[in-house]
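Trainee: Residue strings, one per chain:
4 protein chains.
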Amino acid sequence: MKYSFKNDYSEGAHPRILEALVKYNFDQQNGYGLDDYCKTAAQFILDKTKNPHSKVHFVSGGTQANLIVISAFLRPHESVVSAETGHIFTNESGAIEATGHKVHGVLTKDGKLRVDDIQKVIDVHQNIPHQVKQKLVYISNSTEVGTIYSKEELRDLYEFCQSKNLYLFMDGARLGHALTAETNDLTLEDIAQNTDAFYLGGTKNGALIGEAIVINNKNLQEEFGFHLKQKGAMLAKGRLLGTQFQELLKDNLYFELADHANQQAMKLKAAFKEIGCEFLSQTFTNQIFPILENDQIERLSQNFDFYVWKKIDDKKSAIRLITSWATSDDIVNTMIREIRLLK
Amino acid sequence: MKYSFKNDYSEGAHPRILEALVKYNFDQQNGYGLDDYCKTAAQFILDKTKNPHSKVHFVSGGTQANLIVISAFLRPHESVVSAETGHIFTNESGAIEATGHKVHGVLTKDGKLRVDDIQKVIDVHQNIPHQVKQKLVYISNSTEVGTIYSKEELRDLYEFCQSKNLYLFMDGARLGHALTAETNDLTLEDIAQNTDAFYLGGTKNGALIGEAIVINNKNLQEEFGFHLKQKGAMLAKGRLLGTQFQELLKDNLYFELADHANQQAMKLKAAFKEIGCEFLSQTFTNQIFPILENDQIERLSQNFDFYVWKKIDDKKSAIRLITSWATSDDIVNTMIREIRLLK
Amino acid sequence: MKYSFKNDYSEGAHPRILEALVKYNFDQQNGYGLDDYCKTAAQFILDKTKNPHSKVHFVSGGTQANLIVISAFLRPHESVVSAETGHIFTNESGAIEATGHKVHGVLTKDGKLRVDDIQKVIDVHQNIPHQVKQKLVYISNSTEVGTIYSKEELRDLYEFCQSKNLYLFMDGARLGHALTAETNDLTLEDIAQNTDAFYLGGTKNGALIGEAIVINNKNLQEEFGFHLKQKGAMLAKGRLLGTQFQELLKDNLYFELADHANQQAMKLKAAFKEIGCEFLSQTFTNQIFPILENDQIERLSQNFDFYVWKKIDDKKSAIRLITSWATSDDIVNTMIREIRLLK
Amino acid sequence: MKYSFKNDYSEGAHPRILEALVKYNFDQQNGYGLDDYCKTAAQFILDKTKNPHSKVHFVSGGTQANLIVISAFLRPHESVVSAETGHIFTNESGAIEATGHKVHGVLTKDGKLRVDDIQKVIDVHQNIPHQVKQKLVYISNSTEVGTIYSKEELRDLYEFCQSKNLYLFMDGARLGHALTAETNDLTLEDIAQNTDAFYLGGTKNGALIGEAIVINNKNLQEEFGFHLKQKGAMLAKGRLLGTQFQELLKDNLYFELADHANQQAMKLKAAFKEIGCEFLSQTFTNQIFPILENDQIERLSQNFDFYVWKKIDDKKSAIRLITSWATSDDIVNTMIREIRLLK
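Chains as they are written, first to last, in our numbering: chain A, 39 to 381; chain B, 39 to 381; chain C, 39 to 381; chain D, 39 to 381.
Note: identical chains are not told apart, hence a pair may lie in one copy or across any two.
Below are the BS3-like pairs computed for lysine-lysine, each with C-alpha atoms no more than 27 angstroms apart in a straight line:
id, residue 1, residue 2
1, K40, K348
2, K381, K311
3, K305, K353
4, K173, K93
5, K147, K158
6, K189, K86
7, K202, K348
8, K61, K40
9, K61, K44
10, K256, K202
11, K61, K288
12, K173, K256
13, K349, K158
14, K354, K147
15, K288, K256
16, K202, K93
17, K40, K77
18, K171, K77
19, K77, K44
20, K354, K158
21, K256, K171
22, K307, K353
23, K44, K171
24, K202, K147
25, K202, K349
26, K44, K158
27, K256, K77
28, K354, K40
29, K348, K173
Source of the hints: derived by calculation from the structure; they are not laboratory data.
Generate coordinates for the entire structure from the input sequences, incorporating the hints supplied.
Mentor: Next comes the structure, spelled out in structure tokens:
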């Protein structure tokens, strides 16, 4: 069977997580997120963000996190601004609209929203009340195309959002990868200070499932549990989420796993560079988009699985390779050898 | 710490499930329910129901299963009939209404819906189109108060539903317990033949999480995946659900675990009978509702946790005790000794 | 053709309303409720309620008023308490649930909600966040069965609602009839002081269409226009609503029309009493529910149309007769003659 | 006061409509659209479309028509394709999304959707079930920028829609103006044969309020009344809508009024052409978009009200002028004189 670089959720969980599940298995715990492990894991997050007033909630996946946060925060006439590449705009089967809210998609060059992008959406929605009111800005870090926000970019966005009475919400399905990228200058603390809410993704970083929603804005914290329950996100055995995040966060495991994934991607990137490849976008996280000739793609795909991402012209396409906490040195070395043979 | 009889999801998972998760952990699999384990587990269900044309989907919990099934099956003007004790009517924070549908609650004596109950709802909604149209009947087996449906009762309901063009949907969060009750005469095959859809609960029967939705009615099978995705139920690592159900269903484990829970409950029930207790309802599954005097409740609660379910009069209340796959003989024997001391 | 007592919307509009439409027809006005007539009509309402801080919005009908007010006021996890006879509970085809909110129906003896009724709903929804949160109390005045609230009853309700952080919303589709009933002691001023919002019905009181929503609670006034637009209620020619309410409210026409309807009903009531009839409920507004023998019903229905409302026993049923601003003395006298013949 | 060319709903109704309302005022009629006038008006439409199997429903406005039709036709995971200029995409405050459905906005050069535009949306939504399913194509005729569809264009669209299992729905708020444009080659019959549903707008063509929804596709006709009721669109006095459409359609009034509006616009267009103006788009209906210099705009706006539609550069902008059934020759002649003075 071919090795797959299609995504970062092809394997189960990091062994330490399975060990923790076994270790605590027979301890009786309260249901619905009121177990000891959820409490501890939440505290670890507050410690790392140095924001004791945030509230933490664990849910099973990213689409769930996005739809609950957004529908809980907004009134019926309020809308969301997202990049066109944003997961909520294109890849969640209308999950946000199904809760009643319009999502404005903005064309961007690198998957990142900037102040000007948002201002332009606002500018063409001034015919009140005939047009929806923009109220929440959705960004992903790292983005769906592997790029990351700098400290300055995030600060600018948040400052703008506050001046316009907009909420800023960060999808952190791959936040670990963003924060451990070599070009990153953001910390969890910065994110807690410069967003109204965000989440720390577990599913794509070594957990079986799980995203940790962190609500920083006090006005948005109230009665959030109702929304979790109503949308089917409150697991009877919330301990499953708590145990995993407790293990990921009790030391530096969460960031070590993301860092590993990034480094494996960077090794592959270097190999592609070596043979003269160009890339669709400049990424320093666990997604790379090398542009290859059709026959090169065919040769690589004999032993590896990956997505052909975007046709460049009749002769070339960009492919997408994703590495993960589980991508071994062995497989990376094998891949590098095959890349070198493409030249 | 006190031992808790509050519910059947206080522990993690049956050890065989954790072992399976460890065993398959590093096999790369497709995401979103397209993994080998989901396929195998689905096939096991089709084999056991002897209904090869059903479609199986795995989700993380009961509220999620209920809201997705119901919202996928109904058009905007259609409503649901449920017992007032039905989980969707009282305990899901308005999850069904949040998808746009009215739920009619029917007062029942034992948590079970009968043909007459449904007919009465239809009778008072004949002012078309000013009143909603009843389209789906929701039942739970075992019910939220521990009772079960007989073969004849289910057949009557389904015959009626078909004659009235209503869908019949069975919440099977505790279906294992229903099917292994000593008074049960239903089989999985009967259920597949006499419902439009149902689910097999994993969370309350030894899994970490997971319910297996089975759609029998072909007209309702189409494009169900969109609804799973849109409601945030399609796990990237669907393997977590597949692996668990594969293990539970590859032999008889699923039913053994439920049978164990039932037997532990019946032992406690016998002990309460021995000391002359009456019960709020006659149950043969893993929930019992003995009526105790206030001081007896106080004494029992020194070593055990449980819910005081319903006040009977100033001197007496019914309590609820729930056993599970994890309730050991030791704890049952200890409890029985304490029950005998209540006399 | 038989004369119909089936409802109070069988004719067009009071002639003065049609005259006003003709009079102002060619004046150019702003669209969407920003016309001069809407402004004037709104001011008339503020004058009559002596509450200059209320906000007034005109919509086309009662179901529309109900669904917009309720969905604008509530967050997704909040629910409504209504009498089981409440229009939103039984006669709006699931309109409120379609906006995502559960409606709790309470069985009442006379269509009126009391503090105890609401408290009981709250009492059985304490399992937070697994159960919805009650947030709005919906009452109708006059009710769907013709009864009215006294000043004391309304004050008690509002005091209770404020103490429990609940909104009180009054459906006033027949508010004119309530306020002109001989047993009434409420004023528009009382209603503005003792509800968070209410509406003044036009459709059933001489207008072609139209209900005037009055929002008293300042926190609920903000951005209401968006909800009107989003739900399709913001008429391009809002002038149609403004012109009518301006005419109804510029003097006492609104109350004269309702009073006329009530008086016609009371004359019929007296005739039924005269022949020894009992009534399903004691009403002093434009709906009466005399209990007749089957053959009496048959005889009356030869010349008049009305609804047989409720079967009492095999020999008797209650019928419903509704009078309106358009019910003439002639028709009432004819009817009275026929009633006397029933003896 | 300045004469307004801002829109086609600044006046009340054509005098014949008011006369009809007066004439039938005291006839008792059934409520909720079951009156004689609605029946007659519906028949007039079936006669004119030569499609006896269509179903006709009257509602009060365009946003209401759009949201009810679309939410009634679609299942939760289905989406709508619209031009970015489409009324539902930009000017209905998120009405469609509030019913749960995504609207894909397509940039067009002239407000009209073409087969290629739709195909491109489908092409980028092939990742099933992670992306919504396109199911309904929304077009307006005339469009929001005054352009119209030719017979060939409509046939191509409908053929494509049918081949792709998409519904085609035409917003006809200004359908009268489209069908009477000098460049038009479509008939009502063509439209009934080449759409699944459409509506005939009354509000912008001489009625007080009202749009006549015509559902041609039999599969979509069933139980439509429930949706009207649930969304608050079923007027108690449906006669108000029936009477108006009966009057508009009993002879050729509907088309005469639209033709009048178009001709007045064409006279203004000719005057602008005479002084050498260019136009933002080539229109033959009641909307024109002449491009003027800033000082010309200022001069015109001393006596007339209109919208400055789009800035072209620092010196020029396009303005929008809308004429209606009520725009008199006098005012057009006055305007033409002022236009000539702009040279």
